[in-house]
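Novice: Okay, here's what each chain looks like letter by letter:
There are 2 protein chains.
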Amino acid sequence: MESDYGVPRDLSHLQKMRSIYQPELPPCLQGTPVGVEFGDATTVADSISQSFPHTSGQRLAHFLAKVPGAQIISHLPEMRVGLVFCGRQSPGGHNVVWGLHEALKFHNPKSTLLGFLGGSEGLFAQKTLEITDNILSTYKNQGGYDLLGRTKDQIRTKEQVNAAMTACNALKLDGLVIIGGVTSNTDAAQLAEAFAEAKCSTKVVGVPVTLNGDLKNQFVEANVGFDTICKVNSQLISNVCTDALSAEKYYYFIRLMGRKASHVALECALQSHPNMVIIAEEVAASKLTIFDLTKQICDAVQARAEADKYHGVILLPEGLIVSIPEVYALLQEIHSLLQHGVSVDKISTQLSPWASALFEFLPTFITKQLLLNPESDYSAQLSQIETEKLLAQLVEVEMNKRQKEGSYKGKKFNAICHFSGYQARGSLPSKFDCDYAYVLGHVCYHILSAGLNGYMATVTNLKNPCNQWHCGAAPITAMLSIKQEGRALTVGVHPAIVDLRGKVYESVRKNSQKMLLDDIYRNPGPLQFDGPGADSRAVSLCVEDLDYMGRIKELNEYLEKVRSIVKPGCHQDVVKAALSAMSSVTNILSVMASNGSA
Amino acid sequence: MESDYGVPRDLSHLQKMRSIYQPELPPCLQGTPVGVEFGDATTVADSISQSFPHTSGQRLAHFLAKVPGAQIISHLPEMRVGLVFCGRQSPGGHNVVWGLHEALKFHNPKSTLLGFLGGSEGLFAQKTLEITDNILSTYKNQGGYDLLGRTKDQIRTKEQVNAAMTACNALKLDGLVIIGGVTSNTDAAQLAEAFAEAKCSTKVVGVPVTLNGDLKNQFVEANVGFDTICKVNSQLISNVCTDALSAEKYYYFIRLMGRKASHVALECALQSHPNMVIIAEEVAASKLTIFDLTKQICDAVQARAEADKYHGVILLPEGLIVSIPEVYALLQEIHSLLQHGVSVDKISTQLSPWASALFEFLPTFITKQLLLNPESDYSAQLSQIETEKLLAQLVEVEMNKRQKEGSYKGKKFNAICHFSGYQARGSLPSKFDCDYAYVLGHVCYHILSAGLNGYMATVTNLKNPCNQWHCGAAPITAMLSIKQEGRALTVGVHPAIVDLRGKVYESVRKNSQKMLLDDIYRNPGPLQFDGPGADSRAVSLCVEDLDYMGRIKELNEYLEKVRSIVKPGCHQDVVKAALSAMSSVTNILSVMASNGSA
Numbered sequence: 001m002e003s004d005y006g007v008p009r010d011l012s013h014l015q016k017m018r019s020i021y022q023p024e025l026p027p028c029l030q031g032t033p034v035g036v037e038f039g040d041a042t043t044v045a046d047s048i049s050q051s052f053p054h055t056s057g058q059r060l061a062h063f064l065a066k067v068p069g070a071q072i073i074s075h076l077p078e079m080r081v082g083l084v085f086c087g088r089q090s091p092g093g094h095n096v097v098w099g100l101h102e103a104l105k106f107h108n109p110k111s112t113l114l115g116f117l118g119g120s121e122g123l124f125a126q127k128t129l130e131i132t133d134n135i136l137s138t139y140k141n142q143g144g145y146d147l148l149g150r151t152k153d154q155i156r157t158k159e160q161v162n163a164a165m166t167a168c169n170a171l172k173l174d175g176l177v178i179i180g181g182v183t184s185n186t187d188a189a190q191l192a193e194a195f196a197e198a199k200c201s202t203k204v205v206g207v208p209v210t211l212n213g214d215l216k217n218q219f220v221e222a223n224v225g226f227d228t229i230c231k232v233n234s235q236l237i238s239n240v241c242t243d244a245l246s247a248e249k250y251y252y253f254i255r256l257m258g259r260k261a262s263h264v265a266l267e268c269a270l271q272s273h274p275n276m277v278i279i280a281e282e283v284a285a286s287k288l289t290i291f292d293l294t295k296q297i298c299d300a301v302q303a304r305a306e307a308d309k310y311h312g313v314i315l316l317p318e319g320l321i322v323s324i325p326e327v328y329a330l331l332q333e334i335h336s337l338l339q340h341g342v343s344v345d346k347i348s349t350q351l352s353p354w355a356s357a358l359f360e361f362l363p364t365f366i367t368k369q370l371l372l373n374p375e376s377d378y379s380a381q382l383s384q385i386e387t388e389k390l391l392a393q394l395v396e397v398e399m400n401k402r403q404k405e406g407s408y409k410g411k412k413f414n415a416i417c418h419f420s421g422y423q424a425r426g427s428l429p430s431k432f433d434c435d436y437a438y439v440l441g442h443v444c445y446h447i448l449s450a451g452l453n454g455y456m457a458t459v460t461n462l463k464n465p466c467n468q469w470h471c472g473a474a475p476i477t478a479m480l481s482i483k484q485e486g487r488a489l490t491v492g493v494h495p496a497i498v499d500l501r502g503k504v505y506e507s508v509r510k511n512s513q514k515m516l517l518d519d520i521y522r523n524p525g526p527l528q529f530d531g532p533g534a535d536s537r538a539v540s541l542c543v544e545d546l547d548y549m550g551r552i553k554e555l556n557e558y559l560e561k562v563r564s565i566v567k568p569g570c571h572q573d574v575v576k577a578a579l580s581a582m583s584s585v586t587n588i589l590s591v592m593a594s595n596g597s598a
Numbered sequence: 001m002e003s004d005y006g007v008p009r010d011l012s013h014l015q016k017m018r019s020i021y022q023p024e025l026p027p028c029l030q031g032t033p034v035g036v037e038f039g040d041a042t043t044v045a046d047s048i049s050q051s052f053p054h055t056s057g058q059r060l061a062h063f064l065a066k067v068p069g070a071q072i073i074s075h076l077p078e079m080r081v082g083l084v085f086c087g088r089q090s091p092g093g094h095n096v097v098w099g100l101h102e103a104l105k106f107h108n109p110k111s112t113l114l115g116f117l118g119g120s121e122g123l124f125a126q127k128t129l130e131i132t133d134n135i136l137s138t139y140k141n142q143g144g145y146d147l148l149g150r151t152k153d154q155i156r157t158k159e160q161v162n163a164a165m166t167a168c169n170a171l172k173l174d175g176l177v178i179i180g181g182v183t184s185n186t187d188a189a190q191l192a193e194a195f196a197e198a199k200c201s202t203k204v205v206g207v208p209v210t211l212n213g214d215l216k217n218q219f220v221e222a223n224v225g226f227d228t229i230c231k232v233n234s235q236l237i238s239n240v241c242t243d244a245l246s247a248e249k250y251y252y253f254i255r256l257m258g259r260k261a262s263h264v265a266l267e268c269a270l271q272s273h274p275n276m277v278i279i280a281e282e283v284a285a286s287k288l289t290i291f292d293l294t295k296q297i298c299d300a301v302q303a304r305a306e307a308d309k310y311h312g313v314i315l316l317p318e319g320l321i322v323s324i325p326e327v328y329a330l331l332q333e334i335h336s337l338l339q340h341g342v343s344v345d346k347i348s349t350q351l352s353p354w355a356s357a358l359f360e361f362l363p364t365f366i367t368k369q370l371l372l373n374p375e376s377d378y379s380a381q382l383s384q385i386e387t388e389k390l391l392a393q394l395v396e397v398e399m400n401k402r403q404k405e406g407s408y409k410g411k412k413f414n415a416i417c418h419f420s421g422y423q424a425r426g427s428l429p430s431k432f433d434c435d436y437a438y439v440l441g442h443v444c445y446h447i448l449s450a451g452l453n454g455y456m457a458t459v460t461n462l463k464n465p466c467n468q469w470h471c472g473a474a475p476i477t478a479m480l481s482i483k484q485e486g487r488a489l490t491v492g493v494h495p496a497i498v499d500l501r502g503k504v505y506e507s508v509r510k511n512s513q514k515m516l517l518d519d520i521y522r523n524p525g526p527l528q529f530d531g532p533g534a535d536s537r538a539v540s541l542c543v544e545d546l547d548y549m550g551r552i553k554e555l556n557e558y559l560e561k562v563r564s565i566v567k568p569g570c571h572q573d574v575v576k577a578a579l580s581a582m583s584s585v586t587n588i589l590s591v592m593a594s595n596g597s598a
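Protein chains in written order, with UniProt numbering: chain S, 1 to 598; chain L, 1 to 598.
No wet-lab data here; the hints were simulated from the structure. Watch out, some of these pointers could steer you wrong.
All copies of an identical chain are treated as equivalent in the list; a pair is satisfied when it fits inside any one copy or across any two copies.
[Said to hold, decoys possible] Keeping only pairs whose Cα atoms sit at most 27 Å apart, straight-line, the calculated BS3-like set for lysine-lysine is:
| # | residue 1 | residue 2 |
| --- | --- | --- |
| 1 | 368 | 389 |
| 2 | 127 | 172 |
| 3 | 16 | 510 |
| 4 | 404 | 158 |
| 5 | 127 | 463 |
| 6 | 503 | 389 |
| 7 | 172 | 105 |
| 8 | 561 | 309 |
| 9 | 411 | 127 |
| 10 | 411 | 368 |
| 11 | 295 | 346 |
| 12 | 483 | 309 |
| 13 | 389 | 249 |
| 14 | 503 | 127 |
| 15 | 561 | 287 |
| 16 | 411 | 346 |
| 17 | 346 | 127 |
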């Protein structure tokens, strides 16, 4: 089976041209040696630090090109590193491999990079492929994970952790790089702790690669793959908008991949201006039922019909279905029954009366999909549940009803449904994702070279050109949180949800009325690699004020300035003013911190 | 309703850059005046010439830049021209409007171009928008038909023809340009004849614009929109191939828009190398039943499983469903019953026993779709029939059966289905389609300027760069043929089907075994407007040896050469050799012509 991995491939003309594209390194990673500067220690909740005694509370790391005062890494020993793809393939993943391989070989040509074949299963089974320049040549800047493949995505149970440790020991790995999203990086944190506990010398590094764009926090601005996915999807959505406007007879319901959070849907709405975008987080926050949602859409259809418009484009995230409170409750019951071994055809008879009523109401195609076994992270198989069809059908029924009753006098409502996921996921990665992933690959090397364990590679200031990017590493433990899921408390890197008070959401909301009625469709066009548009960034990346680490640095500069002004010998009034101002600031911050905002 | 047409739009950065892109004119259309040279008279079947006494047998026209001997158009009178979009929107359509408008204004600034709003309905109702530079500015090189819109696509009944004539007379039009595919150009031919018969002074011109790519014949090499559609679809198919290879657990069944003929599916297969492509023409020629097809796919799945491969990508044209003999027969019965006013819920009871058996066998979702009313050209609503789901379902059932019987020992078969049409149809047009459509727009002007009626604008030698393109016009009557459809004989521009003896089909066939088993996927990448790939042509355009008119010209050069060699005074042996050779050639050609090859 593994014989097919890493084989050279016939590339199209454009693929060939892409394969010779060389991303830049930001100045901080140029030359050798690269310095590492340690920042503040990170804080975590007590219960987390108890579970992660070896890897929590570690300091942030920044990589800098030979800065005076920084600890210079002058020894460049030979290294053996393993790498594994986990979870949904995300465009750009191959470039992490390339960047890491290049950095390893650059700092010591004898170093080795082993790719595990077929994801975590390959890790457990110690199936490896030694990465070479030759093997990489037809995979540089290319999409998919087919260089190494992936299967199951879990490294969680005691058995799995032990199998991973055995593999790392047997292969004498100095480092294990895990490429994936929230689930895989949670696994990486646990693996790092287990390795440290067992005094295994392999250091574990995580890399934020997920098309969902939901691995976001103070340290991580963006995920590899999100930019490409949003650009490809936005192109398709815009094409459909143009189509809608030309034919003027259909409503298109487009469901977007992206798991529970609605980042992909939100970004695509910013790029393409559809008539409506349903944000799962908003539905959950407003506790909208499926009937509320149907009514909202019907009212929109009716408002447009009054302006003689019988077409439209409505985006919805695949996570919508589990954000509708009553459907979520139904799914929880189903999954719990499945876990208790109840067979699929018996489940409907064992639901609570309330869940049963909903189950009976829903069309058969949806109930079949709701009955599917949950994913490895215990969540529903979102890609398989056709929420777009459910909504389109409910809207059609309601519009027909309104027409019969005479409250709607327009033309018949016609819907066409799409699920946009697989068509985008295997795309050639955008320039941004190529560059970002390549740099992250280099950062992985420097993390391992500094001997750090349980860190995630980070690159910040991403909205600016690559020569202004900052490279660093943050302990994954600092990204862990505790969350109630169903009845269990889980510790993990939890998906960031769309911030309903944030700038990104706001910029869609404030245009929503115009988008709904005025057809202000916008087509970002197909992904470009040259010329106009090639260097564009995701809108949400540019809208949000992301540079958390930069702001901490700026704050430190202010504190230093105060210190340098208020020195013995300065005027009495200056000291007084400083005292009063600083006392007020610390009071405010103490209150905020104890309220949980900090 | 029309107030929304032609409004300026907010364009994305890439759209703006595209809107200022200026296509080239081939040398033959540069400068003024452009000359027109008339070639041979065209031949048509007797029955056609009887129905088209005024417009059949007209001569071919070629446009040339001031060539000595050509008839020079020196008077450049003011002109009033109307233009209407008919049929499915096709990327590039807007550029025909632009090219025509530019040529009109260039030759006489007082000339007027009126766009009919909302397709043929707008033509009948005389709803127009006067095209201006200002209006065009945000529609140049952009996709869709939203500048003018389109509704119903028919100009066929006596009433419709009369309404069109009334409109042309009332608006004092010198020309009416009809933009569309086979059906619309058939209508154009009939309109031209009716106008000539009624001594209406408006000349009718057709333009080959259809994403289906099925308006092909000796005079027409390619259709506007086909290039874009195939490139966008191939990108998506390739992305799915990469996805399949990365996840290794799904078979993707992708149905492609393109009406009855399989040109789009074939071209996409050439660009992306999926595991399998089903060509409707092949199914029809081999009289494959739906069970044969299912078995073929199952055998392929089984062969791949033996190589431990559980993923794959299978393309099928939307026209496949009507190419399966027994389904076609069933559809004919259904449509005939519908025409006789039988209500949908009664139809299943009135089918012949044989059709009824098939109807009962098929899954409900498909029978519902088969019961839809036919399109305006009496064909089935292909975009609404989910053949991909039908096949996936039948294959799944058969694979499960084989597994139970023990003849298949591999993993469970999993399918994911896609219909790729609407996502591609509204795309920004490729450079090729922008250029081609723009030049066709200019050609329309020259056809009208030469006073020709019932002609289609043609551009040939398209596989070469624009500066080698030849521009001309061919009487649409020369493209008409008679065909049996069901029980009726229809005269029309019939869709060209895939030539099973042609080079394009052959180049897919000879690779089919490698494609099936070796995963030689290829990703042409997203549509590029700059840099590598931007100037690429459809593979089928380059493979086929298309230059019919060029070859007739070359032949005439040979004949001229023979005449110039064999003149009184030349040697006796030369005359003898010439006589013997020419007698043999004419004998062969006479036999071929009487056999119907000519």
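Novice: All hints, please: hold or fail.
Specialist: Hints, verified against the model:
no., hint, in the structure
1, 368 - 389, "both (13 Å within a copy, 16 Å between copies)"
2, 127 - 172, "within (14 Å within a copy, 78 Å between copies)"
3, 16 - 510, "between (43 Å within a copy, 24 Å between copies)"
4, 404 - 158, "neither (61 Å within a copy, 36 Å between copies)"
5, 127 - 463, "neither (38 Å within a copy, 48 Å between copies)"
6, 503 - 389, "neither (31 Å within a copy, 42 Å between copies)"
7, 172 - 105, "within (18 Å within a copy, 76 Å between copies)"
8, 561 - 309, "neither (61 Å within a copy, 65 Å between copies)"
9, 411 - 127, "between (60 Å within a copy, 21 Å between copies)"
10, 411 - 368, "between (32 Å within a copy, 22 Å between copies)"
11, 295 - 346, "neither (32 Å within a copy, 34 Å between copies)"
12, 483 - 309, "neither (45 Å within a copy, 39 Å between copies)"
13, 389 - 249, "both (18 Å within a copy, 24 Å between copies)"
14, 503 - 127, "neither (46 Å within a copy, 44 Å between copies)"
15, 561 - 287, "neither (48 Å within a copy, 86 Å between copies)"
16, 411 - 346, "between (42 Å within a copy, 26 Å between copies)"
17, 346 - 127, "neither (41 Å within a copy, 61 Å between copies)"
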